[in-house]
Amino acid sequence: MTDISAGLKGSYSGNANSLFKLYFKTSLLTVLTLGIYRFWAKTRIRKYIWSSASAGGDTFEYTGTGLEKFLGFLVAVVILGVYLGLVQMVLFYFGLNIFAVEPESVEEAIAQMAAFYLTVLAIMPLWYFARYRARRYKLARTRWRGIRFGAEPAAWGYAIRALGFQLLTIVTLGLLLPLQTFKLEKFVTDRSWYGSAKFHQEGKWTELYPAMKHLFVGAAFVVLAAVIAATDSSIQFALLTMAAGYVWALVGFVYYRIKSFEYLTHNKTLGDQMRFRTAPRTGHVIKIAIFGGLAVGVVVAILFGVIGAILAAVAPGLIAGGGSIGPGIVIVAALYILALITINGLTLSWITQRILGHVIRVTGSPEASELAQIEQREADRGADAEGFADALDVGGAF
Amino acid sequence: MRRPDGPVAAVFFDGRTANRHDVSVTIHWQSPPTLEITGQAKGLPLRWPLGDLRGLSDQSDPDTLVVTRLAPTDDEAPRDPARLIISDPSLRDWIRHSRPNLHRKDVFKGTALKVLGRGAAALVAFGLILFVILPRLADTLAVLIPPEREAALGAATIRQFELFFGDEDGGSLRCDNSKAQAVWDDMATRMAASGGYNGPLTLIVLDHPMVNAFAAPGGHVVFFQGMIDAAETPDELAAVLSHEIGHVAARDPTRLALRSAGTVGILGLIFGDFTGGGAVLILAEQLINASYSREAEAAADVHAFEALTAANIDAAALADLFQRLRKIYGDSDGLIAHFVSHPSLGDRIANARAVGDQLDDPRPVISDADFDIIKATCD
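Line by line, the protein sequences give chains Z and W.
Count along the first sequence from 1, then add 13; that gives the number in our numbering.
Count along the second sequence from 1, then add 683; that gives the number in our numbering.
Hints are not guaranteed to be accurate.
Think about it this way: if two alpha-carbon atoms lie no more than 27 Å apart in a straight line, the pair counts; the simulated DSS-like pairs of lysine-lysine are [what the hints assert, rightly or not]: (1) W/K1058 with Z/K151; (2) Z/K211 with W/K725; (3) Z/K151 with W/K788; (4) W/K797 with W/K725.
Calculated from the structure, these hints are not laboratory results.
In this text the structure is predicted, and so the values were computed from the model without any measurement.
Just chain W, same shape as in the assembly:
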């Protein structure tokens, strides 16, 4: 790039008045090299060191270059309020190519400390809100919530699942089989009693191949047909059922629903409304709720082991079930486990075996004939 030598015409705004000044610009090469602005206006001529020149970024017109000077002012950035508008192609291109610092982002002294300080304060505040205040509040409210409201919350939760699986009208996925329901209810009542739970309990079976069961607020326990198909002995179903009753007894579904209502609200505030923000929000909410619910899952397992032992049923049934599931779907150890709301399967299998070994003469929870009836709940 050729060095510009002669004076070049430019426009200058002095940063003190709203007047437009026609000026000429010359580069001087004595040390330190400077850019000299000469003209009629007050305060001129001015000499700006070439190393201090700063250009405006993200400008719409590529044919003009607006420059200012690095200076310790009271502006939002350390910049001289004066502006020099250069349209002359040779001077403009020469400055663009020969000034590596032209678009440097200068900040005031102490900025790093300020960013760290405010960042840390915000993290602490939100850590407190998300991990201390919200869980405590949810725990308290889960106990205070009136039973009928809790039941309504549970009905709404189940309705959401049904909608998710494409059941628009509600109820079309539910398996209505009075013979099977009687066996289910009997088993549920016994498992609840042996676990020391005497609140409301409603058992629902949904005709869907997903291998899962869950508890919903208001004493609802939902089995998917896929879970029933996966069970090879009635004890395996009794173990899963006891685990879900453990959740119901601890009011986990209600607590979790209250927590995630609050979490989503707070996270929405943090992540804001940028494109793709919804995906980030869902991911973050999963992470936080997974950490909440892992404790709850471990506690529900303990409840299940106690209930099974009290009813003289082999808790190792849970281990058998998990081992078969692990063969099909794999384990969730390591990093993935953070996204998954349950503790590692390996630990749960070992715990169930240890508990099961304590019984001398365990009995199956229901007869084989009854097991055939509930296997056919959705037929």
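Isolated chain Z (complex conformation):
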């Protein structure tokens, strides 16, 4: 890492307390406004996280506004409402629907599954479309040293490719996952900008295979378990092998995410020669997830214990009320929502933020002299301001 210290070094200064308080406050406002405040809530969380991250001592800035997200959502949700309504009508016309009816014949089961997958298939292109637009919006609202990031409009091109590569990965049982990872990352990176400088993704997709090694080991365990089960003997041993395979593959997936991120970052360039280094540690990320998860688990147990006790105390009153909506139900529902907000806030500030902080701290660029030539780029009005992503729940914690 000595090479980074000479250039730009990433650092992260956010703390769990402040982020949790901000999350709790904004989530409460979201519930009280029946969900309308969620656009402002997300924006404020991003402002905090962006301002916690810095490169070479200069912090990032998130310039999005809650209002533009709200307006974008209004447009997107109407388009989606009409589109999904039409899709459902067409499916109905052909006698396919996804009701919670237990299928009684094979044909019914097939029809139900077909309806489900057709609906998913109808949403999938939109989902990828929304994902690219959301990324473009986030880049357009990110600044560092006062200069805007940005991305070119290419959401449909991305959606088509993403669908194709996803399909390839599925039919090859995951063997072509590196192709999917690399090609999509290249598509996105080659259309991303920092000011007047363009990003480039170099490298080869086949070089992501070493990152897959633990996934292969996990898969081998599962195959072995199937062989043991088929040939005879101890079913317990087969199940144990199977469980070991699943855990190995789970950790292997985290390892793949981290190693592929590392490879892709090392092979990115900005402008003519600016390069990047990163060195996140799989063990450390898993440690954060496990210990953070345990800590959240303890809080969950305590919270729901308290709620359970309150419920037990008011339950007789609820039943005597003859099914009408009494104050007891309202109190229990409110406690339940507060507990959920607490859990999500803790997950965000104890787990997500710490993993993000780790990745940012080990990332940087050894050589930053080229920054002097970079100029501002034009503002991107961002049209729907990731309204499609908000309507389809695309995207992660923030």
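For this one, chain Z is given, so just place chain W on it according to the hints.
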């Protein structure tokens, strides 16, 4: 707070290049007061009016203040793209305390109109989808749906109720009493015929103390034992039964099931995935479906009155039942009525009495002996 006088060191990003500039900042007090940024970079010195200073909000580091300037740019907010990073404690705190507009949310001209316009358009679009298109679609589909699928939908609905009441295996709550079932079936057949309904009809009694009965898709009518216990005369049960047959004849359960399937999907899209969103969604769905079903309830009452009159049974039995229930549980007039799927009890009682008065010599629907048999359906 002390006014800062001498020049103070700060960092400046000009918003045109990615260079970091070390600058010094001085406050000038001539009118209008300004903040002057001086340094080596191109474009400096700059003077920003103090009233136009705007700070970034929700920042993680409380020790630095990032300021920019109110300016009519093509940015997402009316802000100068340049940024001034102030770490000097006295200047930072002085700006924070003396600038009431530092965190004002400025918007571009015409924003209010845009919000109103898009909000209204979205409301109209969703009003159309929820209250015009979905109900029409559900009405059409309820007629087109094949009978066997409708029956399966009804079985699934009843199964949901059983699960809700803790019957994991299915069937353990059902009261299987062939003697009582024969009386029920006979009564159901007569009430269906007198109401002009000749489709499929299955009567089920569930052993649960809830005072209720409901119709499910595919000609299912479900009574809870609590409802049977609450009835003092057989005519009261006949009235409730006729009301539920009214729903079956109008295919209300199927229509409502189709409607709420669509409503939940659309509402899920609107409310999104925020914490507590599930509760809001359920509440909104209740509100919308209640408004749908109040009309259906009124129509089912009319069907029941006609069927009872045609069978020479006193419709006032329904009024007697409701009056007793009202004494126990109270009425649902006013605001609460919006959350409740039935019309006001007072109106229903008055209507039943008016219909009942038209008969000269009404007869009970079944004998007292038969009534004793069905009272004991779940024993």
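query: Against the structure shown, which of the earlier numbered hints fail to hold, in ascending order?
result: Hints 1 and 4 not satisfied by this model.
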